[in-house]
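**Q** These protein sequence lines map, in sequence, to chains C and F.
My numbering puts the first sequence at residues 8 to 222.
My numbering puts the second sequence at residues 34 to 196.
Keep in mind that the hints were calculated from the coordinates and are not lab data.
Hints may contain errors.
[Claimed, not checked] Stretch by stretch, here's where chain C covers chain F in the computed footprint (C-beta under 8 Å, at least three residues):
#	region
1	59-68
2	88-94
[To be verified] Some, not all, of what chain F presents toward chain C, calculated at C-beta under 10 Å:
#	residue
3	Leu101
4	Met104
5	Pro116
6	Val119
7	Phe120
8	Ala125
9	Leu146
10	Gly149
11	Met164
[Said to hold, decoys possible] Some chain F residues close to chain C (C-beta under 7 Å, calculated; not the full set):
#	residue
12	Gln56
13	Leu83
14	Pro85
15	Ile100
16	Met124
17	Tyr131
18	Gly133
19	Ala137
20	Val167
21	Val175
22	Thr181
23	Met185
24	Ser187
Cβ coordinates follow ideal geometry from the N, Cα and C atoms, glycine included.
Residue strings, one per chain:
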Amino acid sequence: MVNQVLVLDVFLLLLVAATAIAVVTVRSLLSATILMGIYSLLMALVWSNMHALDVGFTEASVGAGISTILLLGALVLTKRFAKREPIIHVPALVICVVTGLLLIYGTADMPKFGDPNAPIHHLRVGQDPSKKSLLLQNVGKHPSAAPRDKGHAHEGHPDDDFNGHVPNTVTSLLAAYRGYDTMYETTVIFTAGLSMLLLLRRRRDDDEIREGRRS
Amino acid sequence: MREHEPPDEVRTSMLPDETMSQQTLVRVVAKMTIPFILVLGIYVILHGELGPGGGFQGGVILAAGFILYGMVFGADELRRRIPTVVFDIGMALGALLYAGTGLASLLAGGTFLDYGMLQPTHAGDGEALGMTLVEYGVGITVCSVMTTIYLMVSDPADSKVEG
Chain C
8 MVNQVLVLDV
18 FLLLLVAATA
28 IAVVTVRSLL
38 SATILMGIYS
48 LLMALVWSNM
58 HALDVGFTEA
68 SVGAGISTIL
78 LLGALVLTKR
88 FAKREPIIHV
98 PALVICVVTG
108 LLLIYGTADM
118 PKFGDPNAPI
128 HHLRVGQDPS
138 KKSLLLQNVG
148 KHPSAAPRDK
158 GHAHEGHPDD
168 DFNGHVPNTV
178 TSLLAAYRGY
188 DTMYETTVIF
198 TAGLSMLLLL
208 RRRRDDDEIR
218 EGRRS
Chain F
34 MREHEPPDEV
44 RTSMLPDETM
54 SQQTLVRVVA
64 KMTIPFILVL
74 GIYVILHGEL
84 GPGGGFQGGV
94 ILAAGFILYG
104 MVFGADELRR
114 RIPTVVFDIG
124 MALGALLYAG
134 TGLASLLAGG
144 TFLDYGMLQP
154 THAGDGEALG
164 MTLVEYGVGI
174 TVCSVMTTIY
184 LMVSDPADSK
194 VEG
């Protein structure tokens with residue numbers, strides 16, 4: 008019995024590799040941009056195949072969506088064809104191959120994908136101290152934090168910190184357990200937008216004033 | 034690709050946006066799909082804590098809808114429909130909404146970003162409420178910033194052709 012997930016993964020990853028080679032070799036920048044979008048969509052399929060739906064969603068919306076659009080916008084400002092350059096750059100090839108081989112060597116130590124006996128499934132942080140665990144530290148809610156919700160027991164919610172009110176584990180991790188992290192990520196995005204405004208909008212106004220004086 | 038390129042004098046006399054909007058197919062398809070893109074983006078933001086996706090992805094999809102409009106009908110048309118001040122306010126509003134949710138739970142007696150304190154009798158509901166608000170904040174900021182970046186990147190092309 009052939010593992011269907013594996014067959015699909017191999018098929019998708021072969022397509023991904025073919026697309027990546029095409030991106031490097033094609034000279035038309037528009038084709039390269041579209042191929043990058045296809046690459047991201049294929050990667051989104053790979054993530055979905057691994058049940059990492061949130062990652063796949065992000066890859067599809069950011070990698071295939073907004074990056075392609077912003078690259079198309081940048082394409083308007085440049086030429087349409089890349090400079091003719093030799094395709095094979097030996098030092099870059101050596102570095103890429105060595106790094107790739109090191110990464111593949113590193114995966115040899117990892118548990119098999121979906122292995123129920125993988126350490127992450129039975130060695131949990133801060134569990135019973137008599138058991139072996141990867142990290143010994145105090146985890147859980149602060150003593151002064153809101154207590155667990157006991158008001159909805161009749162609804163059959165699981166007894167986790169969110170009582171099943173936040174079914175998407177990724178969101179509850181990002182927004183609650185790593186709330187500070189996500190808040191400062193939002194601040195980083197805000198700062199990026201603010202910098203764009205401060206640097207570029209003023210320049211545009213100056214240009215308009217200068218042109219107005221000239222005419 | 035190369036043989037379809039228009040001669041140089043034709044290319045320089047046309048705005049890239051104009052060449053896009055003159056293609057009926059692009060305009061019709063954009064007009065048909067933009068509402069669905071915007072609804073999907075709002076759906077993803079609103080259901081961030083229930084299904085896959087969340088504020089970031091939803092915000093990006095919303096911004097993609099706006100940017101598609103700007104690419105097909107021109108960035109100036111997008112600025113006319115939605116004043117840039119809306120995006121400026123949105124950038125700050127989203128970040129403030131996130132920090133404000135944290136501050137609200139601090140004022141309610143918990144620690145910073147302890148959403149359960151928003152509804153101390155039903156902490157689970159408070160968690161859901163707090164995460165929803167936070168996702169809205171992320172979505173608003175991401176959507177505004179992405180659209181602003183597009184408007185800024187598309188600026189030099191417009192001013193070059195106008196001047």
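**Q** Now tell me, hint by hint, if it's right for this structure.
**A** Status of each hint after checking the structure:
1. 59-68: violated (count 0)
2. 88-94: Contact hint for the region 88-94 of chain F vs chain C: holds, 4 residues under 8 Å.
3. Leu101: With a closest approach of 7 Å, the F/Leu101 hint holds.
4. Met104: holds, 7 Å
5. Pro116: violated, 13 Å
6. Val119: violated, 13 Å
7. Phe120: Nearest chain C Cβ about 8 Å off; hint holds.
8. Ala125: Check passed: Cβ of F/Ala125 comes within 7 Å of chain C, closer than 10 Å.
9. Leu146: holds, 4 Å
10. Gly149: OK, holds: F/Gly149 within 10 Å of chain C, min 3 Å.
11. Met164: Holds: closest Cβ of chain C sits about 4 Å from F/Met164, inside 10 Å.
12. Gln56: violated, 15 Å
13. Leu83: holds, 6 Å
14. Pro85: Where the cut-off is 7 Å and the nearest Cβ of chain C is about 4 Å from F/Pro85, the hint holds.
15. Ile100: holds, 5 Å
16. Met124: Holds - the Cβ of F/Met124 comes within 7 Å of chain C, reaching about 5 Å at its closest.
17. Tyr131: holds, 5 Å
18. Gly133: violated, 11 Å
19. Ala137: violated, 13 Å
20. Val167: holds, 5 Å
21. Val175: It holds, given that the least Cβ distance between F/Val175 and chain C is near 6 Å, below 7 Å.
22. Thr181: holds, 5 Å
23. Met185: holds, 5 Å
24. Ser187: At 6 Å from the nearest chain C Cβ, F/Ser187 passes the 7 Å test, so the hint holds.
The structure shown violates the earlier hints numbered 1, 5, 6, 12, 18, 19.
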